[in-house]
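First to last, the sequence lines map onto chains A and B. Those letters in the first sequence? Residues 1 to 409, by the working numbering. Those letters in the second sequence? Residues 1 to 409, by the working numbering.
Hints are computed from structural coordinates only; laboratory data are not their basis. Treat the hints with caution; some may be incorrect.
Given that identical chains are not distinguished, each listed pair holds provided it fits within a single copy or across any two copies.
Claimed, not checked - Calculated cross-link-like contacts (lysine-lysine; reagent style DSBU-like; alpha-carbon spacing at most 30 angstroms): (1) Lys6 - Lys132; (2) Lys400 - Lys375; (3) Lys375 - Lys288; (4) Lys132 - Lys375.
There are 2 protein chains.
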Amino acid sequence: MKDFFKVMDMEQVMALRARYRALPDEAVPVMETLDRVLAEEIVSDIDLPDFRRTTMDGYAVRAGATFGASEGSPAFLSVKGSVRMGEVPDFAVGAGEAARISTGGMLPEGADAVVMIEHTESLDETAIEVYKSVAPGQHVVEVGEDFSRGEIVLNRGRRIRPQEMGVMSALGREMVQVYRRPVVGIISTGDEVIPIDQAPRQGQIRDINTYSLAGWVRRAGAVPLTFGIMPDRPEALLETCGKALAASDMVMISGGSSVGTRDYTIEVLDALPRSQVMVHGISISPGKPTILAETDGKPFWGLPGHVVSAMVVFAVIVRPFIDRLSGLSEDLEAVRAVPARLTRNLPSAQGRVDYVRVRLSAENGQLHAEPILGKSGLIHTMVRADGLVRIDRDVEGLEKGEAVQVIPL
Amino acid sequence: MKDFFKVMDMEQVMALRARYRALPDEAVPVMETLDRVLAEEIVSDIDLPDFRRTTMDGYAVRAGATFGASEGSPAFLSVKGSVRMGEVPDFAVGAGEAARISTGGMLPEGADAVVMIEHTESLDETAIEVYKSVAPGQHVVEVGEDFSRGEIVLNRGRRIRPQEMGVMSALGREMVQVYRRPVVGIISTGDEVIPIDQAPRQGQIRDINTYSLAGWVRRAGAVPLTFGIMPDRPEALLETCGKALAASDMVMISGGSSVGTRDYTIEVLDALPRSQVMVHGISISPGKPTILAETDGKPFWGLPGHVVSAMVVFAVIVRPFIDRLSGLSEDLEAVRAVPARLTRNLPSAQGRVDYVRVRLSAENGQLHAEPILGKSGLIHTMVRADGLVRIDRDVEGLEKGEAVQVIPL
Numbered sequence: 001m002k003d004f005f006k007v008m009d010m011e012q013v014m015a016l017r018a019r020y021r022a023l024p025d026e027a028v029p030v031m032e033t034l035d036r037v038l039a040e041e042i043v044s045d046i047d048l049p050d051f052r053r054t055t056m057d058g059y060a061v062r063a064g065a066t067f068g069a070s071e072g073s074p075a076f077l078s079v080k081g082s083v084r085m086g087e088v089p090d091f092a093v094g095a096g097e098a099a100r101i102s103t104g105g106m107l108p109e110g111a112d113a114v115v116m117i118e119h120t121e122s123l124d125e126t127a128i129e130v131y132k133s134v135a136p137g138q139h140v141v142e143v144g145e146d147f148s149r150g151e152i153v154l155n156r157g158r159r160i161r162p163q164e165m166g167v168m169s170a171l172g173r174e175m176v177q178v179y180r181r182p183v184v185g186i187i188s189t190g191d192e193v194i195p196i197d198q199a200p201r202q203g204q205i206r207d208i209n210t211y212s213l214a215g216w217v218r219r220a221g222a223v224p225l226t227f228g229i230m231p232d233r234p235e236a237l238l239e240t241c242g243k244a245l246a247a248s249d250m251v252m253i254s255g256g257s258s259v260g261t262r263d264y265t266i267e268v269l270d271a272l273p274r275s276q277v278m279v280h281g282i283s284i285s286p287g288k289p290t291i292l293a294e295t296d297g298k299p300f301w302g303l304p305g306h307v308v309s310a311m312v313v314f315a316v317i318v319r320p321f322i323d324r325l326s327g328l329s330e331d332l333e334a335v336r337a338v339p340a341r342l343t344r345n346l347p348s349a350q351g352r353v354d355y356v357r358v359r360l361s362a363e364n365g366q367l368h369a370e371p372i373l374g375k376s377g378l379i380h381t382m383v384r385a386d387g388l389v390r391i392d393r394d395v396e397g398l399e400k401g402e403a404v405q406v407i408p409l
Numbered sequence: 001m002k003d004f005f006k007v008m009d010m011e012q013v014m015a016l017r018a019r020y021r022a023l024p025d026e027a028v029p030v031m032e033t034l035d036r037v038l039a040e041e042i043v044s045d046i047d048l049p050d051f052r053r054t055t056m057d058g059y060a061v062r063a064g065a066t067f068g069a070s071e072g073s074p075a076f077l078s079v080k081g082s083v084r085m086g087e088v089p090d091f092a093v094g095a096g097e098a099a100r101i102s103t104g105g106m107l108p109e110g111a112d113a114v115v116m117i118e119h120t121e122s123l124d125e126t127a128i129e130v131y132k133s134v135a136p137g138q139h140v141v142e143v144g145e146d147f148s149r150g151e152i153v154l155n156r157g158r159r160i161r162p163q164e165m166g167v168m169s170a171l172g173r174e175m176v177q178v179y180r181r182p183v184v185g186i187i188s189t190g191d192e193v194i195p196i197d198q199a200p201r202q203g204q205i206r207d208i209n210t211y212s213l214a215g216w217v218r219r220a221g222a223v224p225l226t227f228g229i230m231p232d233r234p235e236a237l238l239e240t241c242g243k244a245l246a247a248s249d250m251v252m253i254s255g256g257s258s259v260g261t262r263d264y265t266i267e268v269l270d271a272l273p274r275s276q277v278m279v280h281g282i283s284i285s286p287g288k289p290t291i292l293a294e295t296d297g298k299p300f301w302g303l304p305g306h307v308v309s310a311m312v313v314f315a316v317i318v319r320p321f322i323d324r325l326s327g328l329s330e331d332l333e334a335v336r337a338v339p340a341r342l343t344r345n346l347p348s349a350q351g352r353v354d355y356v357r358v359r360l361s362a363e364n365g366q367l368h369a370e371p372i373l374g375k376s377g378l379i380h381t382m383v384r385a386d387g388l389v390r391i392d393r394d395v396e397g398l399e400k401g402e403a404v405q406v407i408p409l
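Isolated chain A (complex conformation) (with noise of 0.2 angstroms):
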């Protein structure tokens, strides 16, 4: 048997990630910026709340005053006014009185705990009785208790989430940096492929990559680029290289890339001006023909053309050089994995990391995983898919019941 590929494991093709770095920064609306990665780290410059206000309706008091107080010894407090809602109060509290205060107002001078009006009765404009006592500082937000002046808030390389956003916000900030969403150019090849608005022949079959991965681009957060289905002929592949090349961060050819009659790719990788071919075989099932190669500082695969295989592989290798250019700071597939228990054995071949579709179902708060077993070819087996499990490399198989983490699709 011949050594038909320069088989990488999965771990030193990980470890090229590190070449790479985020993509520029841009000054985007916060409004806009839901899902981009933080390129700045945000630090507040003032106190959040800048005043003390309350988290309820009622009445703002000295806490003291109702020390001891209950339904059948109500406490006697007289009211002093009514705080009116973003001002600040002209008045203050002192020992036996109240306030009259709503949700987010301002505590006046004196006041340290609010009331909720549910355990008060208003005798008249001007009398209250409370039927339960409140600590100091009860139903009250502190100055700067949410966030204080010159206090890290958000760091750089987050994914920004819409809690993000309202802090932003909060800190009155209109415009915020985020990394440049990476352009990421997707060829397709083979001449048995032809596009979607064809009838295909027999021996045809129309462009499934194009489509997919475009999705699988935008679910990373990047943004998709397609030069459509190139005839498996180095000149006019070496062309389009070029061009998507100069129009995205990162290029995947699909197909092409096993060692066929029809094998180009690595040709026209080679012919490209800077390029290198990095890895060229991966042991992964499915996905050990994959090619990754650097052009112009750029990475560029080749990918299996193979639906499921493509997809397979760009949701374990391809995603997380994605998120190395868009500047997120942490490997998030740990946090993106789900745990669950294999319905069933799973056979696995060593010295290669494999990935099972699986389909999750719940039972009594438990996730379980069911393998779906399938060709690769077969795109049903990922519609059917909830998510990948990884047997490891130097794993025989799993066992039914087996804590296994889900990868979502």
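Chain B: place on chain A using the hints.
Coordinates of chain B only, in the frame set by chain A:
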């Protein structure tokens, strides 16, 4: 103590979803369908594949000709020709014959299996030795093995992932019917709330909810439409509510829904034409002072002003209503939830459902949920949180080590 709210159980509120239907559908290019909800049943009008294709590079053979072949005793086959990709082979393979074939190629008449190239040795242009036997059908995808003609491929109401984009492409679906995305109007209220480009004076706070809720609406696959900050005056609010209703499929006002001196939301919702308050208070925490009206056939929410309460109510209550308008067929909350174990005891009040913010960490393949305690007015608790844990109504609390379901944030 007065009955300040006409409080409803969460289940009663969720049952009100049945009043709403999916929005009308629209045709969208398959390339733009990621995360959209399918509004038609996708049925295969072809066999996929519609020819027998190989999943490997190698030689198409009659399996019988390889039986008993081994390294020591190879089978000897004559090479009849090469299969051209995308074309119907113009020759047949007989007993003792083989045809060169690349991944994705069509099997010639007579062949029923493929020998991987790694298990052969080419003797000259016309003869090979085969070192390993193959079974009939090995490395071959049969006609219709992925999808057969007339088969339901994807159901209506399904969220479209990259693999679904791929399968629709395979079937030649350039345009796909998806449900229109709900437009969700967002109004902030509160005299203490100021636009984010202004510097707050004492007693004022910048508008957080407009931005965090817009982020949540996007995350739910809907389109946010913001109307800024309304002062707590019924006339102004009424006018803006009317505008928001006309332009949206659902409206959310945040703030002003507590029982307080400035509680005009109910008043305004009552004053709108064809409007009925359905829910005034929900027995959950945080989020009790939530209002749901139906106005002109559309859900109209009064969310708490507290930033955390507003987000929690959105995540656990409003979002399922958006899913309904989006045409999503299943309640996906269970699927979204991730199993974990609590790191400490969590007390809870009976008679209401509690949602506790938690931070997740992984250890030995097990996720641990660490409760984040903090006042619901503090946004930093949401920034630190990875998810929410639900404590059911009639439960006194949860114990350290207990299995919980975490709703991701």
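Consistency of the hints with the structure:
1. Lys6 - Lys132: between (76 angstroms within a copy, 23 angstroms between copies)
2. Lys400 - Lys375: within (22 angstroms within a copy, 44 angstroms between copies)
3. Lys375 - Lys288: So Lys375 and Lys288 pass the 30 angstroms test inside one copy only (14 angstroms; across, 52 angstroms).
4. Lys132 - Lys375: between (69 angstroms within a copy, 20 angstroms between copies)
Violated hints: none; the structure is consistent with every hint.
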